[in-house]
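Assemble the whole structure, with the sequences as input and the hints as a guide.
This note's numbering applies: residue 363 is where the sequence shown begins, and numbers increase by one.
FYI, nobody ran anything at the bench for these hints, they're computed from the structure.
Just so you know, these numbers come straight off a predicted model, no measurement behind them.
We put the beta carbon where it would ideally sit given N, CA and C, even for glycine.
It is possible that some hints are incorrect.
[Claimed, not checked] Capping the alpha-carbon separation at 25 Å, the derived lysine to any residue pairs in SDA-like fashion look like this:
no., residue 1, residue 2
1, K443, V456
2, K379, L512
3, K648, N772
4, K835, V824
5, K835, R711
6, K830, E771
7, K400, V786
8, K679, G803
9, K830, H709
10, K400, E536
11, K379, H709
[Stated by the list, open to error] Across the chosen pairs, the derived CB separations fall in these ranges:
no., residue 1, residue 2, range
12, Y710, E532, 31 to 37 Å
13, T469, E531, 49 to 55 Å
14, S737, V554, 51 to 57 Å
15, S790, V824, 22 to 28 Å
16, F699, V386, 20 to 26 Å
17, F739, G814, 21 to 27 Å
18, E536, V383, 34 to 40 Å
19, R642, V554, 27 to 33 Å
20, S737, R833, 44 to 50 Å
21, A544, G796, 33 to 39 Å
22, D680, P523, 29 to 35 Å
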Amino acid sequence: MASERGNPDHRGESTDKWRYVVLVSKLSLDFLTTGLLKSFGLLIPALIHKLDTNYGTIGLILSLELTLFFMACPLVCFLSKRINQRLLCIMGSVASSGAIIMSAFTTSALWFGVAMFLTGLFSAPMNQISHAVLHRYFGVKFGFVNSVCLLGCLVGGMIFPPITYSLLEEYGIEGALICLGALYLNCVPIAVTFRNPSDSRNKSSVEYVRDKELEAGIPMEVAHPSSEYEGNCETKLSQSEENTDPLMVKHQVEATELRQNIEPKYGRVTRFLWISLNLRVLVNEKAFTILFLPCKYLIEVVYVAWILFVVSFAMAKDLPEALATYLPIAGSVGGFFNQGLVTILLHYRPFWGAPIFIVNMSSVALAFFLYPVSSSFVHLLVCSFFVGGGIFGGFPATYSVLVTYVSAENFDSMLSVKFFVTGVGVVSSGYMAGTLYDVSGSFDDVFMMMGGMSVAAVLLTVALVICKRTRRKQNGAIKVK
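This is how it looks when you write it as structure tokens:
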């Protein structure tokens, strides 16, 4: 299996000291991105007044920005193989900042929505490429260092709102948006730091595969080609003397095979979707695709449903509104402490992502099941602490699962697919959570369903662990024979 643990060369940490610069840059990026999102939440009343619209429309527009931030990552992964990554990040940072500034001059919800659409689309390169570069520098420690970077999200969420409020009071909604766009321009110097490591062992996955196969003298061929196709490829490659890089030859062969096998049957549009959405990677990483990508969707739905309904649930239990507002705060406190604990665990046990995710989601499920047991403030506060702690502890664990169970050469592509699933979760989870309440008519039933979804995430992750261990034992038995 390509993603075995006992493969230090494949996943070793880079010795390039630039990795610390990348770490600080990634933390700063998370600080800016989350801070900007929190700032837009604070500006909602002023935006409603400025654009003469309603909360539903503004909520949809702002969720569109976050959705594109994630769902455009497969497209970014596709483009990053053809365009310099740092250049792509710099262009995206400038364009997204310009879109935020442009939103200050819009006078209708439609044009503000266009500006937010462009903001999410152009900020996606920073999201995808920053994670990919961080992985190339830190290898198996990616889960740990990314968890450290996620602490920047918590800090940004605390610092940006008061700054935004001061800007709004001083300059109005237009001035606040212009200042936020200018602040987001700080992503440009951050983007400049995202270069690949200099040591060959930790280059991009493409460079790594090329160097290792050349060192080992392994011929780079496409598996099981037909004799006719193989002859055609040899003829074409012999005519292209400038393409002497074996990896480039391999990609050309695969591209030709793709055109011959897919395009005649389904057309160019399907071929583009096959490449841009990395469908080949989904086939190569079947276990992760089938068993864990649904877990990422489930945790998004559970998180959004809890955020939306925890206060309403408490008020339905006759808890005063003044006390009910403390429940999400308790969840945030639990998330802060548990994420710190998960960060420490991943530092010493970088491959424990799956067990950490299982434990955290189990605690979330148990807390959801216990919510309806009592209506006392202390009971609901404790349940909220564990739900928030489990969810925020589960988020960084998903990255450790990714680096543990996905091969390094497929990491970038699968990362983009994971972000795509996150985007789908963001855009659909609010509607799904609302529909669950409309159907059941009871917050107790909604929370029990959320507990059931958490259990499903646990069972799927356990199945992934068992599947990979079984595969590892089979591979070991084959090697012994």
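Each hint, compared with the structure:
1. K443 / V456: holds, 21 Å
2. K379 / L512: Distance ~21 Å between K379 and L512 Cα, so the pair holds.
3. K648 / N772: At roughly 12 Å apart (the allowed maximum being 25 Å), N772 and K648 satisfy the hint.
4. K835 / V824: holds, 17 Å
5. K835 / R711: holds, 22 Å
6. K830 / E771: holds, 18 Å
7. K400 / V786: holds, 20 Å
8. K679 / G803: Cα-Cα ~14 Å, so holds.
9. K830 / H709: Roughly 23 Å between the alpha carbons, so the hint for K830 and H709 holds.
10. K400 / E536: holds, 17 Å
11. K379 / H709: holds, 18 Å
12. Y710 / E532: 31 to 37 Å: violated, 47 Å
13. T469 / E531: 49 to 55 Å: violated, 22 Å
14. S737 / V554: 51 to 57 Å: holds, 54 Å
15. S790 / V824: 22 to 28 Å: Distance hint for S790, V824 holds at roughly 25 Å.
16. F699 / V386: 20 to 26 Å: holds, 24 Å
17. F739 / G814: 21 to 27 Å: holds, 26 Å
18. E536 / V383: 34 to 40 Å: holds, 36 Å
19. R642 / V554: 27 to 33 Å: 32 Å Cβ-Cβ, so the 27 to 33 Å window holds.
20. S737 / R833: 44 to 50 Å: Given about 48 Å between the Cβ atoms, the range holds.
21. A544 / G796: 33 to 39 Å: holds, 36 Å
22. D680 / P523: 29 to 35 Å: Holds - the Cβ-Cβ distance for D680 and P523, about 31 Å, lies within 29 to 35 Å.
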